[in-house]
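J.: Here is how the chains run, residue by residue.
2 protein chains.
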Amino acid sequence: MSISEFGLIEKYFIKKIQRGSVNRIGIGDDCALIDVPLGYELVITTDTMVEGVHFFSGADPRLLGQKLLAVNLSDLAAMGAEPTSVTLALTLREVNESWLKEFSEGFLGLANQFSVDLIGGDTTSGALILTVQAVGLVPKGRAMLRSSAQIDDFIFVTGNLGDAGLGFKIEKGNDCFSSDDALKKFHQPFPKINEGLAIRDCANSCIDISDGLASDLKHILKQSGVGAKLDWDKIPLSKGVKRYIDTTGDWQMPLSAGEDYELCFTVSPDKVDSIDIDCTHVGVIEAKAGLRIQRLGKTEELVVKGFEHFS
Amino acid sequence: MSISEFGLIEKYFIKKIQRGSVNRIGIGDDCALIDVPLGYELVITTDTMVEGVHFFSGADPRLLGQKLLAVNLSDLAAMGAEPTSVTLALTLREVNESWLKEFSEGFLGLANQFSVDLIGGDTTSGALILTVQAVGLVPKGRAMLRSSAQIDDFIFVTGNLGDAGLGFKIEKGNDCFSSDDALKKFHQPFPKINEGLAIRDCANSCIDISDGLASDLKHILKQSGVGAKLDWDKIPLSKGVKRYIDTTGDWQMPLSAGEDYELCFTVSPDKVDSIDIDCTHVGVIEAKAGLRIQRLGKTEELVVKGFEHFS
Numbered sequence: 004m005s006i007s008e009f010g011l012i013e014k015y016f017i018k019k020i021q022r023g024s025v026n027r028i029g030i031g032d033d034c035a036l037i038d039v040p041l042g043y044e045l046v047i048t049t050d051t052m053v054e055g056v057h058f059f060s061g062a063d064p065r066l067l068g069q070k071l072l073a074v075n076l077s078d079l080a081a082m083g084a085e086p087t088s089v090t091l092a093l094t095l096r097e098v099n100e101s102w103l104k105e106f107s108e109g110f111l112g113l114a115n116q117f118s119v120d121l122i123g124g125d126t127t128s129g130a131l132i133l134t135v136q137a138v139g140l141v142p143k144g145r146a147m148l149r150s151s152a153q154i155d156d157f158i159f160v161t162g163n164l165g166d167a168g169l170g171f172k173i174e175k176g177n178d179c180f181s182s183d184d185a186l187k188k189f190h191q192p193f194p195k196i197n198e199g200l201a202i203r204d205c206a207n208s209c210i211d212i213s214d215g216l217a218s219d220l221k222h223i224l225k226q227s228g229v230g231a232k233l234d235w236d237k238i239p240l241s242k243g244v245k246r247y248i249d250t251t252g253d254w255q256m257p258l259s260a261g262e263d264y265e266l267c268f269t270v271s272p273d274k275v276d277s278i279d280i281d282c283t284h285v286g287v288i289e290a291k292a293g294l295r296i297q298r299l300g301k302t303e304e305l306v307v308k309g310f311e312h313f314s
Numbered sequence: 004m005s006i007s008e009f010g011l012i013e014k015y016f017i018k019k020i021q022r023g024s025v026n027r028i029g030i031g032d033d034c035a036l037i038d039v040p041l042g043y044e045l046v047i048t049t050d051t052m053v054e055g056v057h058f059f060s061g062a063d064p065r066l067l068g069q070k071l072l073a074v075n076l077s078d079l080a081a082m083g084a085e086p087t088s089v090t091l092a093l094t095l096r097e098v099n100e101s102w103l104k105e106f107s108e109g110f111l112g113l114a115n116q117f118s119v120d121l122i123g124g125d126t127t128s129g130a131l132i133l134t135v136q137a138v139g140l141v142p143k144g145r146a147m148l149r150s151s152a153q154i155d156d157f158i159f160v161t162g163n164l165g166d167a168g169l170g171f172k173i174e175k176g177n178d179c180f181s182s183d184d185a186l187k188k189f190h191q192p193f194p195k196i197n198e199g200l201a202i203r204d205c206a207n208s209c210i211d212i213s214d215g216l217a218s219d220l221k222h223i224l225k226q227s228g229v230g231a232k233l234d235w236d237k238i239p240l241s242k243g244v245k246r247y248i249d250t251t252g253d254w255q256m257p258l259s260a261g262e263d264y265e266l267c268f269t270v271s272p273d274k275v276d277s278i279d280i281d282c283t284h285v286g287v288i289e290a291k292a293g294l295r296i297q298r299l300g301k302t303e304e305l306v307v308k309g310f311e312h313f314s
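The listed protein sequences correspond, in order, to chains A and B. Quick note: the first sequence uses our numbering, first residue 4, plus one each step. Quick note: the second sequence uses our numbering, first residue 4, plus one each step.
Hint data in this document are derived by calculation from the structure and do not stem from the laboratory. Since the model is a prediction, treat every value here as computed from it, not as a measurement. Where hints are given, some of them may not hold.
One copy or any two copies: either way a pair holds, since identical chains are not told apart in the list.
Claimed, not checked - Cut-off 27 Å, straight-line C-alpha distance, at most; resulting in silico cross-link-like pairs (DSS-like, lysine-lysine):
id	residue 1	residue 2
1	LYS301	LYS242
2	LYS225	LYS18
3	LYS291	LYS104
4	LYS225	LYS19
5	LYS221	LYS14
6	LYS14	LYS225
7	LYS221	LYS237
8	LYS232	LYS187
9	LYS274	LYS225
10	LYS104	LYS18
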C-alpha cells in the first residue's frame, strides 16, 4: 500500500467525536471506550458486504459506503435503538484514494445524519469485503425483540415492499422496466431509526426486512411460537412494482425480494391507535403455526423463492 | 452453500450464554443486548485476518480460530479490560463442515477459557476473511491508554520478544532454524488478559505488541508526547531467538517482528514494587522525543524494518 494504514484512516475517517459523553475514546488506542448512560443497555450488530455477493463490482463508492452503514443501522432500528457508534473493518484490493474519499464521504455522511461516531476499525488488504459493527443504546428492557409477538397482534410494515428487489432487477440488466424510485431504494436504503424509536413503546415485536417480508416475518413467528396470515390486497406497493407484477405475474417478488430495509412489527389491537408513524396494516398474528396469505379469495401457505445472487 | 447460514451458525457456533447478566440477548435477534454493570465502561475493538496476508492458505482451522480470537482479546488486555462478548463476521470460500467444526472449536475453546460469549455475527461467501469484534468491561476511567506515559516511567514487557517472528520465518520455509517454542508462539499466541488486569492499577500506559516492540512503543511515545530509551541487554530473548541472532546478526528482529502479543507498559518509579506479574524492565521514558536503543556501549536511534507479508 502506498500510504500507511494509519495515514489512510487519519486522512479519510477520523472526525471529531460528536457524542463525547458516550464515546469517551475513539480511533487511536488499542480499543475504543463507551460509557453507557445509566438506565440504558447497549445494542450491537454486525453485517458484512462482499463484492460480487452484496454489491456489484465497480459499485459507486459513495453509495456503497452509505448502504454499508444503512444496513447495519437498520438492525439497530429493528430493536428500537438509538445508534451512537460504529467500527469499520475494511479489506481493500488496493489503495485508491479517490475511491476511499468517496466511500468515506458516503459512510460518514450518513453517520453524521444520526450523530454516529466512527470509533474504531481495521484496514487490511485482500478481496473487497466490508464489515461494520454498529452500536446503539436502548432503555433497559425496552428493546423490541423477535420473540415477543402475541396472538391477535396486527402486523405492520413501513414504506412499500419490493422496490429494492425491482431496483436490483433493473441494475442486473432487466431493461423491460425502469423506475428511479426502485433504483434509489436499492442503492440508498434509509435506515428506519426514527420509526423504530417511535414504535418502541407500542410494538410487541419487530424485525427489519432485509431478506424479504416472508423470510423475515418467519423469524418472528418461529421465535415467538406463533403463526400469521397476510392479506395480499393490503401489501403496500409502488406504481413501479405494481407494473412489474402486472407484466410478469410475479406477485411474490415484493414478499421475497430482499434489501427493502423497512420495518415489520406487530402491535396488540388495543395499542394500534397509539402508532404514530406512516405504516400499513398487512396481516395478523395467529395461534396456528406457519405463514399464510389471503389472495384472490383464497388463503394459502406462503412459499417463497430463495435469494438471488449478484455474481 | 449447502446448508443455510443460520443452520451453520446454529450447528457450530451457538452455545449457552455464560455471562447472562451482561449478555442479555445473544445470537438470534437483529442485534445482541449488553447490560453494562454500574461503574463500568465498555471496551471495544475489531481486527480482521485475511488469508494470504495474516495467515497462510491451508492454515490449521483450529489454530486459526484460536489465533483470530487471541489477537482481538490481546487488544482488550492492553486496556486492562475483562473480555465478555465477541461477534464474528466470517466470509468463507465454501461450506466445508470439517473446517468449520475445527475452526469453531479453536475459537470457542479459547472463548471458554475467559468465559467470553459469542453474541452475534454474519456469515457470507467470498474470499476467506475473518473479522472479530471483541467487547470487554473496565471500571470507569481506569482503562490503560497509550496516551498517558510519563517521563521517567520504567518500560516493561511481558514474556520474550521475537519468538513469533522466528516462528513465522520457520513456517515460511527457513530451514536453518527450528524451535517448537517459536512455532507455538506464532500459531498460538495467548492473550495477556490476566496480566493486563493485574497491572491496571499501577501502569501509566500500555499497548499490546502486535507489530513489534519498536513500532508499538512508538505509538505510546507519539500519543504521550514523550521519547524513550531501550537497553538492548535487557530485552528478554528465548534461546531460539538468541541462536537466530548469533547466526544471522539480525539483532533487530525481536524488536521489529510482529505477532508476539505480549504487553508493553510503563510504570512510574515509585510504583514499580507493586508490579505483581512476570515481566522485564527494558527501558525508560524520556522527555526527548524519539526512540533510542543502548547497545554495545553506544546509544543510537532505533530504526526498524517494515512488516513482512505472508503471501
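J.: Each hint should be assessed against the structure and marked as holding or not.
T.: Hint by hint, here is what the structure shows:
In this assembly of identical chains, LYS301 and LYS242 lie within 27 Å of each other by CA distance solely inside one copy; the values are 25 Å within and 79 Å between copies. Within a single copy, LYS225 and LYS18 get their C-alpha atoms only as close as 42 Å, which misses the 27 Å cut-off; across copies the closest is 19 Å, which meets it. Taking the shortest alpha-carbon separations for LYS291 and LYS104, neither the intra-copy value of 52 Å nor the inter-copy value of 36 Å comes in at or below 27 Å. Only between protomers do LYS225 and LYS19 lie at most 27 Å apart by alpha-carbon distance; the minimum there is 19 Å, versus 43 Å within a single protomer.
Proximity of LYS221 to LYS14 under the C-alpha cut-off of 27 Å is restricted to the inter-copy arrangement: shortest distance 20 Å between copies versus 44 Å within a copy. Taking CA atoms no more than 27 Å apart as the test, LYS14 paired with LYS225 passes between copies only; the shortest distance there is 17 Å, against 46 Å inside one copy. Proximity of LYS221 to LYS237 under the C-alpha cut-off of 27 Å is restricted to the intra-copy arrangement: shortest distance 18 Å within a copy versus 63 Å between copies. Taking the shortest Cα distances, LYS232 and LYS187 never come within 27 Å of each other, neither inside one copy (30 Å) nor across copies (57 Å).
With identical chains, the CA atoms of LYS274 and LYS225 are at most 27 Å apart within one copy only, with a shortest distance of 23 Å there and 57 Å across copies. Taking identical chains as interchangeable, the C-alpha atoms of LYS104 and LYS18 lie at most 27 Å apart only when both belong to the same chain, with a minimum of 13 Å there against 41 Å between chains.
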